[in-house]
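**Student:** In case you want the letters, here they are:
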Amino acid sequence: MYFKLKIWRQKSPEDKGGFQFYELDDVSPDMSFLEMIDVLNESLEIKGVEPVHFDHDCREGICGTCSMFINGRPHGPQRGVTTCQLHMRSFNDGDTITIEPWRARSFPVIKDLVVDRSAFDRIIQAGGFVSVSTGGVPDANEIPISTNIANEAMDAASCIGCGACVAACKNASAMLFVAAKISQLALLPQGKIEAASRAENMVVQMDSEGFGTCTNTEACVAECPKEIGLVHIARMNREYFFAKQSSENISLR
Amino acid sequence: MNWLSQTLASSLGKKLIMALTGLFLILFLTGHLIGNLQLLKDDGGQAFNEYAKFMTTTPIVKILSYLTYISIILHVIYSLILTINNLKSRPIKYAVNRQSENSVWTSRNMGILGTLILIFLVIHLRSFWYEMHFGSIPTIAYEGGGQIKNLYLIVVEAFSHLWYVILYVVSMVALAFHLTHGFQSAFQTLGLRHLKYTPLIKIAGLLFAILVPALFALQPVYLYLKNL
Chain A
1 MYFKLKIWRQ
11 KSPEDKGGFQ
21 FYELDDVSPD
31 MSFLEMIDVL
41 NESLEIKGVE
51 PVHFDHDCRE
61 GICGTCSMFI
71 NGRPHGPQRG
81 VTTCQLHMRS
91 FNDGDTITIE
101 PWRARSFPVI
111 KDLVVDRSAF
121 DRIIQAGGFV
131 SVSTGGVPDA
141 NEIPISTNIA
151 NEAMDAASCI
161 GCGACVAACK
171 NASAMLFVAA
181 KISQLALLPQ
191 GKIEAASRAE
201 NMVVQMDSEG
211 FGTCTNTEAC
221 VAECPKEIGL
231 VHIARMNREY
241 FFAKQSSENI
251 SLR
Chain B
1001 MNWLSQTLAS
1011 SLGKKLIMAL
1021 TGLFLILFLT
1031 GHLIGNLQLL
1041 KDDGGQAFNE
1051 YAKFMTTTPI
1061 VKILSYLTYI
1071 SIILHVIYSL
1081 ILTINNLKSR
1091 PIKYAVNRQS
1101 ENSVWTSRNM
1111 GILGTLILIF
1121 LVIHLRSFWY
1131 EMHFGSIPTI
1141 AYEGGGQIKN
1151 LYLIVVEAFS
1161 HLWYVILYVV
1171 SMVALAFHLT
1181 HGFQSAFQTL
1191 GLRHLKYTPL
1201 IKIAGLLFAI
1211 LVPALFALQP
1221 VYLYLKNL
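Protein chains in written order, with my numbering: chain A, 1 to 253; chain B, 1001 to 1228.
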């Protein structure tokens, strides 16, 4: 397959950056999108051109590291996949493919397609840890949890923190990510104990990182590679409002 | 900052204000529509004029009307604050962004629709609300009541102009689209989402968004045609 590639190149966070055009021939339709970029980079290296920098790690859709805005959509045109799980057969021979980094005030570009997503780490940190002394490994089913709840907590926990929700949202809002993290623990008995302070602290951190606010367009849900639902944002809102009216934290930022 | 102002200043707090004021304005629309339907009565405007007097003189309605003014003002101010912050959250736009693949137009353009509604509201309030409260309206006497303001006369006069009727109909279309997203979105923001009730809320929201603006738009069209 033959492709014309329009890729965002930016030397450093301070650099203004711009698009560069590349052509790539003999691309196998069975290549993953990242493998296609690998092939491009090999050809660039031979020519003595700086390869395109991009984030990647596991290449099997579970780490959340890859992050490319492909043809106007995070992780490309397919639903429920990450960029590394996207194959070139999803495109037509001769297509022009535009590749951009995630765009958000809270995700500054480091180089080319690599953005700094440490804002997510700081939100997770703000959530704190579960301070219940758990002791040894308990017997199975010692704490009864219904299948429904376990499944929903697992759905939330499937968030890989890739940032596609922020990238897709017209407001660059991180609410689906934060909601998934709050929801995952708030549903389970071990996490319920500190659910209030966790919701309060994570929302405060989310706000201070400069993300936008949700307008319920559901773009995040449509683009989430793990297909995490809006139900979690509703739960986050409940958790937060309940925490605000009932917790004894009165001196929060 | 104390905990309450901190809550209302947070992202979720601002959304809470948008949702609560939005829902209150939905209630207001319902009440306003019931009153307006008096215009359809073929009684020379008696029912409508009595309704207009009731709305401007009854104490409980006064309280509700102040709540409505406050809701409109808060809804507008907070939407501006949120929109400005949201725009700042993505200083560099995408070169290619296919938003239509992942969301519907109305949900992304609530601000534009809201602005149209606000412009309409200013014109609408100037025409009727201002005239009723501060203008000099001729009075009319009905049996069993004293002299009351004949707002019906002003309404009929206003809707004898075609451009004014068109303005109202177009504005009601904007309101309809605003409501298709806003109604169900308010419940989502409040965290009121449930496998059983959310589908009902969505259907109710859609019906409300179609029916209420359609009935509002019916009044000027009816009066225009009636007095041709």
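Worth flagging that the hints you see were computed from the coordinates, not collected in a lab. Since this is a predicted model, take the numbers as computed values, not measurements. Here a beta-carbon is modelled for each residue, glycine too, at the ideal position from N, C-alpha and C. One or more hints might be untrue.
Distance condition first, Cα-Cα at most 30 angstroms in a straight line; then the derived DSBU-like pairs of lysine-lysine [unchecked claim]:
#, chain 1, residue 1, chain 2, residue 2
1, A, 16, A, 4
2, A, 170, B, 1149
3, B, 1062, A, 170
4, A, 47, A, 170
5, B, 1093, A, 6
6, A, 111, A, 170
7, B, 1226, A, 226
8, A, 111, B, 1149
9, B, 1226, A, 170
10, B, 1196, A, 11
11, A, 16, B, 1196
12, B, 1014, A, 170
13, B, 1041, B, 1196
14, B, 1053, A, 226
15, A, 192, B, 1196
16, A, 226, B, 1093
17, B, 1014, A, 226
18, A, 6, B, 1014
19, B, 1014, A, 4
20, A, 192, B, 1149
21, B, 1149, A, 16
22, A, 226, B, 1088
23, B, 1196, B, 1053
24, A, 226, A, 192
25, A, 111, A, 4
26, B, 1088, A, 11
27, A, 192, A, 6
28, A, 111, B, 1041
Below, a sample of chain A positions facing chain B; criterion: calculated Cβ distance under 8 angstroms [claimed, not checked]:
#, residue
29, 16
30, 19
31, 22
32, 23
33, 45
34, 47
35, 51
36, 89
37, 206
38, 213
39, 241
40, 244
**Student:** Run every hint past the structure and note whether it holds.
**Tutor:** Now the hints, each set against the structure:
no.	hint	verdict
1	16(A) to 4(A)	23 angstroms, holds
2	170(A) to 1149(B)	49 angstroms, violated
3	1062(B) to 170(A)	40 angstroms, violated
4	47(A) to 170(A)	38 angstroms, violated
5	1093(B) to 6(A)	16 angstroms, holds
6	111(A) to 170(A)	23 angstroms, holds
7	1226(B) to 226(A)	58 angstroms, violated
8	111(A) to 1149(B)	70 angstroms, violated
9	1226(B) to 170(A)	46 angstroms, violated
10	1196(B) to 11(A)	52 angstroms, violated
11	16(A) to 1196(B)	50 angstroms, violated
12	1014(B) to 170(A)	18 angstroms, holds
13	1041(B) to 1196(B)	40 angstroms, violated
14	1053(B) to 226(A)	58 angstroms, violated
15	192(A) to 1196(B)	24 angstroms, holds
16	226(A) to 1093(B)	25 angstroms, holds
17	1014(B) to 226(A)	28 angstroms, holds
18	6(A) to 1014(B)	39 angstroms, violated
19	1014(B) to 4(A)	44 angstroms, violated
20	192(A) to 1149(B)	61 angstroms, violated
21	1149(B) to 16(A)	65 angstroms, violated
22	226(A) to 1088(B)	28 angstroms, holds
23	1196(B) to 1053(B)	42 angstroms, violated
24	226(A) to 192(A)	24 angstroms, holds
25	111(A) to 4(A)	21 angstroms, holds
26	1088(B) to 11(A)	24 angstroms, holds
27	192(A) to 6(A)	47 angstroms, violated
28	111(A) to 1041(B)	69 angstroms, violated
29	16	10 angstroms, violated
30	19	7 angstroms, holds
31	22	16 angstroms, violated
32	23	18 angstroms, violated
33	45	26 angstroms, violated
34	47	25 angstroms, violated
35	51	21 angstroms, violated
36	89	19 angstroms, violated
37	206	7 angstroms, holds
38	213	4 angstroms, holds
39	241	6 angstroms, holds
40	244	4 angstroms, holds
The earlier numbered hints that this structure contradicts are 2, 3, 4, 7, 8, 9, 10, 11, 13, 14, 18, 19, 20, 21, 23, 27, 28, 29, 31, 32, 33, 34, 35, 36.
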